[in-house]
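**Q** The primary structure of each chain is shown beneath.
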Amino acid sequence: MRYFSFCHPLVLLGYYIVTISLLYLFFNPLVISLSCLLSVVFYATLHPFQITLKECIFYVAVFIFIFLMYILTVHNGATPLLFVNDHPLTLEAIMYALNLAGACVAFCFWSKSYLAFITTNETLYLIAKLSKTLSIYIAIGLQFVPLLKRNVREARDVQKAIGYFRTKSKAEKLIRLIRLWLNVFYKTAEQLLDRTDFMQWRGYGVAKRTHFHLFQWKRRDYGLLVFTMIVLLYLMIKYQSFHYYFYPYLADLSVTKSDFILLLTWLSIPVLFELKGHLQWKYTRLKM
Amino acid sequence: MILFKGTKIQTVDEYYLTHLDDITADAETISLTIRSDAALQNLDKIQEQLHSYIPLDGVVLDRERYVLREGDTVFDLLNRAVRHHRIQMEFQRADLNIYNSVYIEGINYLYEFSCGPLSGWMYTVNGEFPSYGVSLFEPKDGDEIAFLYTCNLGRDLGYAF
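Quick note, the sequences are listed as chains A and B, same order.
Sequential numbering from 1 applies to the first sequence in the working numbering.
Sequential numbering from 289 applies to the second sequence in the working numbering.
By construction, these hints were calculated from the structure, which means they are not laboratory data.
Since the structure is predicted, the reported quantities are computational estimates derived from the model, not experimental observations.
Don't be surprised by glycine CBs; every beta carbon is placed ideally from N, CA and C.
Where hints are given, some of them may not hold.
With the Cβ distance kept under 8 Å, some of the chain A side facing chain B (calculated, not the full set) [said to hold, decoys possible]:
no.: 1; residue: 75
no.: 2; residue: 76
no.: 3; residue: 78
no.: 4; residue: 82
no.: 5; residue: 83
no.: 6; residue: 85
no.: 7; residue: 203
no.: 8; residue: 233
no.: 9; residue: 245
no.: 10; residue: 248
Sequences are here, hints too, so could you generate the full structure?
**A** Written out as structure tokens, the structure reads:
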């Protein structure tokens, strides 16, 4: 069960936008490390342990790749630690690289978690007010990759079972795999485009037509919205102290205890929602 | 092992331990200076944390004579001078760009684009702006080389296209 997804889609979108903006607006090491850690924890609450572990291993590799690429290409900074091929390896570049890699990983985990609970209905609801056609295409576009992956898996299993890949030549095997991929790609695209047409034939997007939706504003949505506004306002007021620079020397991390608590609370909201939901469910079941 | 093969790793002190040739009577020499006057005049465009690295008189490296070795390019001389005086410099190697010349990205923490989109380092030889990269130009005995920071693609230094 994904309890955070019970919130109103607009509130969820607002939370996601503010969280991502925080990462890149201040580029503050404290914000990035907290955000990175809590994005992984949140992802872990939504997915089984094995999937989380697999993702973590992959993103550790991504983290290392970004980190190495950065420190090998950027040599700015007032504190050289050593020189590699006449180019300095500086403390500032290392810190920047850690933050950059952390911000990228956090962005990926937040986005993955957000996409995991944003349904087609919610996407349509959010964008339909701007443009009905655009909302259909975006909703379907978001489904494309997961659907393609599923279709490829199914087609590969079926073809494997009937001996499609049974050949000694590796090149032939590769050609067959590419052919299968292309077929599945066209099939998935066709499937999604057909769905767009079906929606339009059913009257979706026709002017002066209302659409039923399940989303209602509840007390917790107003609460979360107000908290989002407060956090945003607070951060704007304290922009100078949160804004961090790395070059030519590392700035002082001038974040107070209250700033830290506010950030921690803000970034923990999805995790707290999930924990509350799980506990509620556990104790409700026990009473039965 | 393959990664580290051919990689030269030096400590900070090793790197800056550069020997400058003594100027003898028959030695060929050039003079070199590095200035950031344009940055000084456009401090409002530059991030505050860089202000302390812009000298108040605009002189990053005062005019000094250096011995010209056989086959030296402007880059070789600049590299020797900044290493000797422990001045920070970052450059892009010649094989990494389309100009086949070393490109000076930043000197003394003042980088290209530090003073807006048209800023960066340029150099003059005897007051002229050569149309060659720093590692393609071989100076002659007695040349006066100056590295100058521009905030307006050289127009603030009197350079015209």
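**Q** All hints, please: hold or fail.
**A** Do the hints match the structure? See the list:
{"no.": "1", "hint": "75", "verdict": "5 Å, holds"}
{"no.": "2", "hint": "76", "verdict": "6 Å, holds"}
{"no.": "3", "hint": "78", "verdict": "7 Å, holds"}
{"no.": "4", "hint": "82", "verdict": "6 Å, holds"}
{"no.": "5", "hint": "83", "verdict": "4 Å, holds"}
{"no.": "6", "hint": "85", "verdict": "5 Å, holds"}
{"no.": "7", "hint": "203", "verdict": "51 Å, violated"}
{"no.": "8", "hint": "233", "verdict": "25 Å, violated"}
{"no.": "9", "hint": "245", "verdict": "6 Å, holds"}
{"no.": "10", "hint": "248", "verdict": "4 Å, holds"}
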